[in-house]
Amino acid sequence: NAGVTQTPKFQVLKTGQSMTLQCAQDMNHNSMYWYRQDPGMGLRLIYYSASEGTTDKGEVPNGYNVSRLNKREFSLRLESAAPSQTSVYFCASSGARGVYEQYFGPGTRLTVT
Amino acid sequence: TQLLEQSPQFLSIQEGENLTVYCNSSSVFSSLQWYRQEPGEGPVLLVTVVTGGEVKKLKRLTFQFGDARKDSSLHITAAQTGDTGLYLCAGSPDSWGKLQFGAGTQVVVTP
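Top to bottom, those sequences are chains A and B.
By this note's numbering, the letter at position 75 of the first sequence is numbered 75, and the numbering carries on one by one without gaps.
By this note's numbering, the letter at position 5 of the second sequence is numbered 5, and the numbering carries on one by one without gaps.
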């Protein structure tokens with residue numbers, strides 16, 4: 001069982017470049033999430049998708065866009081990368097309504113120079 | 001602004017000692033979860049507590065949810081080196097499925 005997979009695992013971008021982070025889950029979960037993790041700040045929600053076809057902003061959405069391609073896949077796009085977006089990005093999914101226990105992917109470590 | 005405050009931020013103890021990590025908030029949560037994260041990996045769910053006053057045990061780990069559902073604690077008995085990691089608490093303040101995470105407590109257990 002793969003659970004939640006993310007690609008790529010590492011990425012280095014120059015300021016102004018764009019890229020898409022891919023996420024897929026095989027647990028038939030309705031909800032999917034993108035977080036960023038920075039030292040001392042825990043996990044901050046960027047965007048989430050409560051179900052296929054819907055997306056909504058989280059705490060730190062500026063500079064990002066998302067696409068819920070189907071029930072399995074949820075991608076995060078950086079249109080014009082900035083050094084402030086250097087971070088570790090995690091995708092998560094959740095299936096149970098009411099409790100929302102989340103299952104995380106292994107993360108993408110992004111550096112913007 | 002962090003809704004959930006974790007303390008301490010860092011804890012270093014020797015194998016065999018006990019430790020407690022706290023997660024506090026001024027907000028009420030419908031449920032609260034604890035995760036452990038190891039270097040280079042994503043967080044892994046340890047437990048979910050949903051009822052005020054609830055106590056759950058997972059081997060040497062004991063989790064408690066406050067009566068008012070605003071705080072929680074994680075107690076580890078006789079810590080082992082394998083308990084080393086970043087412990088994160090997360091709460092669901094509403095019914096929309098979003099979690100608020102604390103900043104985490106880094107626990108280091110040395111032999």
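FYI, nobody ran anything at the bench for these hints, they're computed from the structure.
Where hints are given, some of them may not hold.
Said to hold, decoys possible - From the structure, some residues in chain B lie toward chain A, with a derived Cβ separation under 7 Å:
hint	residue
1	Pro39
2	Glu41
3	Pro43
4	Val47
5	Thr48
6	Ser92
7	Phe101
8	Gly102
9	Ala103
10	Gly104
Stated by the list, open to error - Cross-link-like lysine-lysine pairs, in silico, DSSO-like; alpha carbons within 27 Å at most:
hint	chain 1	residue 1	chain 2	residue 2
11	A	Lys57	B	Lys59
12	B	Lys59	B	Lys70
13	B	Lys70	B	Lys57
14	B	Lys98	B	Lys57
15	A	Lys9	A	Lys57
16	A	Lys71	A	Lys14
17	B	Lys56	B	Lys70
18	B	Lys98	A	Lys9
19	B	Lys98	A	Lys57
20	B	Lys70	B	Lys98
21	A	Lys71	A	Lys9
22	B	Lys59	A	Lys71
What the hints assert, rightly or not - Here are the computed distance ranges between Cβ atoms for each label pair:
hint	chain 1	residue 1	chain 2	residue 2	range
23	B	Ala78	A	Glu73	35 to 45 Å
24	B	Ala68	A	Met27	26 to 36 Å
25	A	Gly16	B	Lys57	11 to 21 Å
26	A	Asn70	B	Lys57	37 to 47 Å
Beta carbons are placed, not taken as given, at the ideal position from N, Cα and C, and that holds for glycine.
Status of the hints after comparison with the structure:
The criterion of a C-beta within 7 Å of any C-beta in chain A is not met by B/Pro39, whose closest approach is roughly 11 Å, and the hint is violated. Against a cut-off of 7 Å between C-beta atoms, the interface hint on B/Glu41 holds, since the closest Cβ of chain A lies about 6 Å away. Nearest Cβ of chain A to the Cβ of B/Pro43: about 5 Å, under the 7 Å cut. The hint holds. Hint status for B/Val47: violated, given a least beta-carbon distance of 9 Å to chain A, over 7 Å.
With a least beta-carbon distance of about 6 Å to chain A, the hint placing B/Thr48 at the interface is held under the 7 Å criterion. Because the beta carbon of B/Ser92 sits about 5 Å from the nearest beta carbon in chain A, less than 7 Å, this interface hint is met. Given hint, B/Phe101 at the interface with chain A, holds; its Cβ is 4 Å from that chain's nearest Cβ, closer than 7 Å. Restraint check, B/Gly102 versus chain A: the minimum CB separation of about 6 Å is within 7 Å; hint holds.
Restraint check, B/Ala103 versus chain A: the minimum CB separation of about 4 Å is within 7 Å; hint holds. Because the smallest distance between the Cβ of B/Gly104 and any Cβ of chain A comes to about 5 Å, under 7 Å, the interface hint for this residue holds. Proximity of A/Lys57 to B/Lys59 is assessed by CA-CA distance (about 38 Å); at most 27 Å being required, the pair is judged violated. With a C-alpha separation of about 25 Å, the suggested pair B/Lys59 and B/Lys70 falls inside the 27 Å cut-off, and the hint holds.
A hinted pair counts as satisfied when its Cα atoms are at most 27 Å apart, and B/Lys70 with B/Lys57 qualifies at roughly 19 Å. As the CA atoms of B/Lys98 and B/Lys57 are separated by approximately 25 Å, the hinted pair is consistent with the 27 Å bound. This hinted pair checks out: A/Lys9 and A/Lys57 have alpha carbons roughly 24 Å apart, not beyond 27 Å. Under the criterion of a C-alpha separation no larger than 27 Å, the hint pairing A/Lys71 with A/Lys14 is inconsistent with the structure, at around 32 Å.
For the hint pairing B/Lys56 with B/Lys70, the CA-to-CA distance comes to about 17 Å; that is within 27 Å, so the pair holds. Straight-line distance between C-alpha atoms of B/Lys98 and A/Lys9 comes to about 25 Å, which keeps the hinted pair within the 27 Å bound. Simply put, B/Lys98 and A/Lys57 have alpha-carbon atoms about 11 Å apart, close enough for the 27 Å limit, and the pair holds. With a CA separation close to 17 Å, the supplied pair B/Lys70 and B/Lys98 stays within the 27 Å bound.
Annotation: proposed proximity of A/Lys71 to A/Lys9 holds, straight-line Cα distance about 22 Å (limit 27 Å). Between the alpha carbons of B/Lys59 and A/Lys71 the distance comes to roughly 35 Å, so the proposed pair goes past 27 Å and is violated. Between B/Ala78 and A/Glu73 the Cβ separation comes to about 43 Å, which falls inside the hinted range of 35 to 45 Å. For the pair B/Ala68 and A/Met27, the beta carbons lie near 33 Å from each other, so the given range of 26 to 36 Å is met.
Taking 11 to 21 Å as the suggested C-beta distance range, the pair A/Gly16 and B/Lys57 does not conform, at roughly 52 Å. For the pair A/Asn70 and B/Lys57, the supplied restraint of 37 to 47 Å holds, since their beta-carbon distance comes to about 40 Å.
Checked against the numbered hints given earlier, the structure breaks hints 1, 4, 11, 16, 22 and 25 and satisfies all the rest.
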